[in-house]
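Participant: Quick mapping for you: the protein sequence lines, in order, are chains A and B. Numbering-wise, the first sequence is residues 1 to 315 according to my numbering. Numbering-wise, the second sequence is residues 1001 to 1502 according to my numbering.
Careful: at least some of the hints might be erroneous.
[To be verified] Straight line, CA to CA, 35 Å or less: simulated DSBU-like cross-link-like pairs of lysine-lysine:
(1) B:Lys1282 x B:Lys1381
(2) A:Lys54 x B:Lys1121
(3) B:Lys1421 x A:Lys54
(4) B:Lys1381 x A:Lys54
(5) B:Lys1144 x A:Lys54
I should point out that these hints are in silico values taken from the structure, not numbers from a laboratory.
Spelled out from the first residue to the last, the chains are:
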Amino acid sequence: MLVYIGKRLLVAIPTLLIISIFVFSLQKLLPGDPIMAMAGEERDPAVLDMLREKYRLNDPIPVQYITWLGGVLTGDLGISLRTNQPVTELIAEKLPVTIQLAIMSMFFAFAIGVPMGILAAVKKNTAIDYVASILALSGLSVPNFWLGIMLILLISVNLGWLPASGFESIFVDPVRSLQTMIMPSFVLGNALAATLMRHTRSAMLGVLSADYIRTARAKGLSPRQVILSHSFRNALLPVITLTALLFGELLAGAVLTEQIFTIPGFGKLIVDAVFNRDYAVVQGVVMCTAVGFIVMNLIADILYVLLNPRLRASL
Amino acid sequence: MTRFLRLTTALAFGALCALPVTAAELKIGLGDDADVLDPAQSRTFVGRIVYTAMCDKLVDVSPDLKIVPQLATDWAWSEEGKVLTMTLRNGVKFHDGTTMDAAAVVATIERNMTLTESRRKSELSSVEKVEATAPLTVKFTLKKPDATLLAQLSDRAGMIVSPKAAKELGANFGSKPVCAGPFKFVERVQQDRIVLEKFQDYWNKDNIFIDKVTYLPIPDTTVRLANLQSGDLDMIERLAPTDVATVKSNPKLTYADVVNIGYMGLYTNIANGPRADNPFGKDKRLRQAFSLAIDRDALNQIVYEGTAVGGNQPFPPNSPWFNKAIPVPARDVEKAKALIKEAGFERVPVEMQIPNNPVAQQMMQVVQSMVAEAGFDVQLKSTEFATLLDEQTRGNYQLSRSDWSGRVDPDGNIHQFITCKGGINDTKYCNPKVDELLNEARATTDQAVRKAKYDAASVILNDDLPIIYLGHQSWIWAMQKNVTGFVASPDGMIRLVGMKKG
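Just chain B, with the same shape it has in the complex (with noise of 0.2 Å):
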């Protein structure tokens, strides 16, 4: 006993003697572990978070949603939007020393578009071709006109590798990545940490004020949090809104939000299989008056401590794709209660599959005793995420709380979703009025005229509701005083351009 009691104290002082930090070492912790770091598999939102560091995109994203230039430094549309031509910057090196030029970007191109295990196909799909013609000028040919073509070359799609890497490791490409952004890959551990390195001869190393940048995974909020509040990390992303004040008060850390671009959804089994036969999706009265019934200021207070926004559109309210003729609905129980009653109900059993985190079980219970004042008697079925996204896929489900991270472009926010052959259309809603909009939104590049066939399809999909958007989360980040110069973003992305630590 007393040698356990000599050897703990012995290891509890070991422990006090303080542990070493260098001045430029940035350790960030993540709420999952990133997949493959290969920009053309990836698919992970934690992956375009440390990507975001190491793989320079052709174009970026500006905090308020503008693409903005990084590998190409101009840009030009013609030929009736079919043909895209850019033009590169000079003297980019991507980590292995190779130049990054025009070459370089049709290799990658082409590989995101004929890789078999690539995932960046879709993204890429109305292009037909893509060449280079001068050493520093890239013309995309498109099969039809294609607006979201710019936002989609602003991720993983438009991440430039290295060819010779590549070339070399093929398919294998993750487990050592070569791009031109300014940090370079050092090592990775599964589920424990992404090492990189500050990237010498990056194009605008200028900027950059950190030396290494360490990425942790640790699932759990609390303990992501506590990592904070201790020192052994200095930045978190993702801080559950319920910890908002603890780190508010905290006098060594500060705190940064931005409503983000996606979005919270109940999606309604409109036509996907034999349980969409029921009154809830047949009558859209049952689904307004169930949109009613909702207080969406309530659940923003209640669940995220006000750091959500309500929501009725696939957009924000403070995105400029947002439809202000059809304003965030305020609760109406007894206009939810007369449309219940014109549809020939009095109570309306609906069954609500949900994911089993307790965010989203709390907000679904206060959804649930929202509109049982109305008339609704909502069962809720609570599943784990990967059944979930199952279960709606095939169809066997009622109604379904599904959230979506959200696109740049506004396109990517509802075209999938709601048009009749979307690739992820779990509704299985379809009307063509609609789809013929959805589709000339995405054939011009002129924004004014993508705003009207938006704002039109807004006002049909409001009616329907095939998809009843709940609101808008933020995303929160949480660090400690010495760090700088974070610029909060809607994308949810940790640029480290311009962060300074000390």
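This is chain A alone, in the form it adopts within the complex (with noise of 0.2 Å):
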């Protein structure tokens, strides 16, 4: 197992490698420049210059790309030209905000996608399932940005039941912290447990067309068990492999929805860095991302194993 995974982190190094060449190279490729985006329109040609000289951006694009992972290997991410703020401090400024998130949000996908899709599987081609099967097309359909808009509109200005946008840490203000997050967390839930719903729906018709299944039912359990225990956990294994793809899904999502409910997380951080040009924020915060996802892609995998014993030999 741990041969297994080290083997994994191993080959994780090349494509880190391969994706922080590529965000270099297309952000030089933009046009603008992050002074000139700083200056705005106070553009005064001498303090230009003099800041591009300061920040080392008058170097060829290779000599900076080494410089930069130069930095990275001994944990420098760079410095934020817009703030003059460390790399690494923003990160860890944001990361829990987003991470606080994409729980919330996964909370929201799971509680409605999961029992959905049960319930259509179940109930399959009675109304149920296509009351549940439209649900989620819409879910799919809806634009994030829309529905944000709307539940500000709808939750906030016209019942004042929550605040419309803003954030506060939850190791300060738990309430106010889970009042501001819960429009945000089921936005970005709702999408996701669309997917979901249609997956675990998918899966549990397979498992539930099993010959174990019949004989579970022959056997006399009652509709309960063989549902909860003999079906869903078998149909749990794709699942939780589309649960560390939606992970990418959800970040990309986040990107949008905090820009509406203005949520100081690394969606917005990046957003405002791509605006500014604030390259080493956008290398950070996407090399960040990147291991992110590799690791919860490499959970996924372990976790496939430990719930599929017919895979254990194979490692």
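Both chains are sitting in their own frames, so use the hints and assemble them into the complex.
Facilitator: Spelled out as structure tokens, the structure:
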């Protein structure tokens, strides 16, 4: 098992290198430079030149990349050009916010998607199944930003139940923290719930028609036991892989959701950084996200093996 | 499922238990996040809004754009405008308890002029030296007369910071700024909030009725307004013109606006690289035709819901610097067609680069259809802002829509864009006669003489049209009914002195 994990981590290194080169070059292809973006309308050429010199933006691009890579190896992701803060500090500040959003979104996704998927499979081809499918389809089709703004208008402006946007750390004021996060995580979780529902349904359908389920029913087990203990556990396998992949979608969705609800997390950090051509921040955040994605997939694979005894031998 | 329902019900109920509100805390929604909170290094508009509460300046600007006392109570020009002597207010303290005096002013100005990271160098470039001639007297000696200096000192270049803090923190001053304004810095979370609290030793503390102020950057105008409507914010800046009706019809909200000191402009590539080599850049008759084909009033009504005003000069028509002899032109398609014909064309293709925000896009689409009637085939090229500025500087454009937020002194709206060696002269227009007039306008403090110079320059510019001015937007604020005492100022700042809540 440990060897397996070690191998997987080794494979991750070239992946990360390729990603970093890719992101670095893509950024340099963008017209406009950070100094210009920083300057905004106040573009005094002398100051611009001084700043370009200071941040070594006049170096050839490969040299800039090597400098950056050298920093990464020593744990230094560089400095944000816009705010002068170290990128590691910014990431440490924003990561917990997005993790909270991710966890709460996953909660909504599972709480809505999985029960609906099971229900749709058990009541296959009935009205319940169709309603669930239609709900799932609309969940997938409704754009994040639209649903977000509609919820803000309904829940915050008209009903006044929840704050319209903003963020509070869960360690400072847990109640307010949950209040501000309910709408964004619902919006984000909603789209994932639809995917989860469809996959849970099809996995359950596959399992429910298996011989051992017929045997379980024949033994006289209650429908509840048959569905939850015998079928669902086996149907979980593909759902777990999917969850790891959904994690990527979650981070992508967070970009929009955080923008709408003004949550100072990863998504907002990267959007602002791209607009400001804050290279070091973009690079740092993308690398951090890539590491997160790789780790999530690794965890999913390990869980997969733990849940599926047939695979253990193959390690 | 039932557990989930129970949980969400519980959460929703928890949310219902109202949010506590303290009487004198003001929450203000800003359109962007501020950058570094160091007056020497800062460059964003929203940063200046925060400074208005935190950092007093040597002089301030009144709503009618006059220079008025703040940390300096009195000033005088001498030696033909080459020496400015200022008398400072007595008994002013910085937030760290140290005293604001002539030495502190000298230290700040020198810091602004010498700090490697300083963005104030060009604003203070006319200053030869600054000295403390008495504990409360500061003397600025200039290299050459500079009428714009007072206006510079009414903004970031004139914000006096605590020398002690500046020395300790150096270029990192922005992490914990210490100034002499009515509110002192408490905390900042990037992209989330900036919190200030009332400074108990402020020299004008009797006129401060707010105990705490929190600035929250919320870039989306819809969401910013939603936060105001739901009561999470007390005030927002830069309301979208399309939302004005919503705010005015809401009995819980009030509204304020004022035409700003900036402009909306179309920059023509006159001589900036090879792309200037086209009829539109070479023949002023085409530019005149283009300008005449635009119905500026209609633009204002359609795009800005009547909150903007049409314009044809770098200063809005209500400004004392506006040249009344050149009124904003009415639309004249026939005359435009005649000019195009005279220049030897039937149809003129033009590529126009525009920022990719919805309002600018809408506006330029309207312009596109207006000028089409006269004979211009405009192709719009929508570009993200940082890219647009970059292309404009490089000269990779034919016609570019770009706005200027405006400066208190007229010089700031015109000199650097129009003079041959102007720092941001992206059109590369160069006319020695205009240079002479604009340089002379800088060199005298006699307002009547300055006005005559700007008037003369505006006549030439209105003929050459390197920049086609379209109009002037308004600053628009919206706030809760219980927020009172706010005075709308054309510089777009939110001055908290005299403002009350409740």
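Participant: Between B:Lys1381 and A:Lys54, does the CA-CA distance stay at or below 35 Å?
Facilitator: 33 Å, holds
Participant: Holds or violated: B:Lys1421 and A:Lys54, Cα atoms, limit 35 Å.
Facilitator: Holds, at roughly 25 Å.
Participant: Compare the distance between the alpha carbons of A:Lys54 and B:Lys1121 with 35 Å, and conclude whether the hinted pair is satisfied.
Facilitator: Cα-Cα ~16 Å, so holds.
Participant: Between B:Lys1282 and B:Lys1381, does the CA-CA distance stay at or below 35 Å?
Facilitator: It holds: about 21 Å lies between the C-alpha atoms, which stays within 35 Å.
Participant: Is B:Lys1144 within 35 Å of A:Lys54, Cα to Cα?
Facilitator: The hint holds at about 31 Å.
Hint compliance for this structure: every hint is met.
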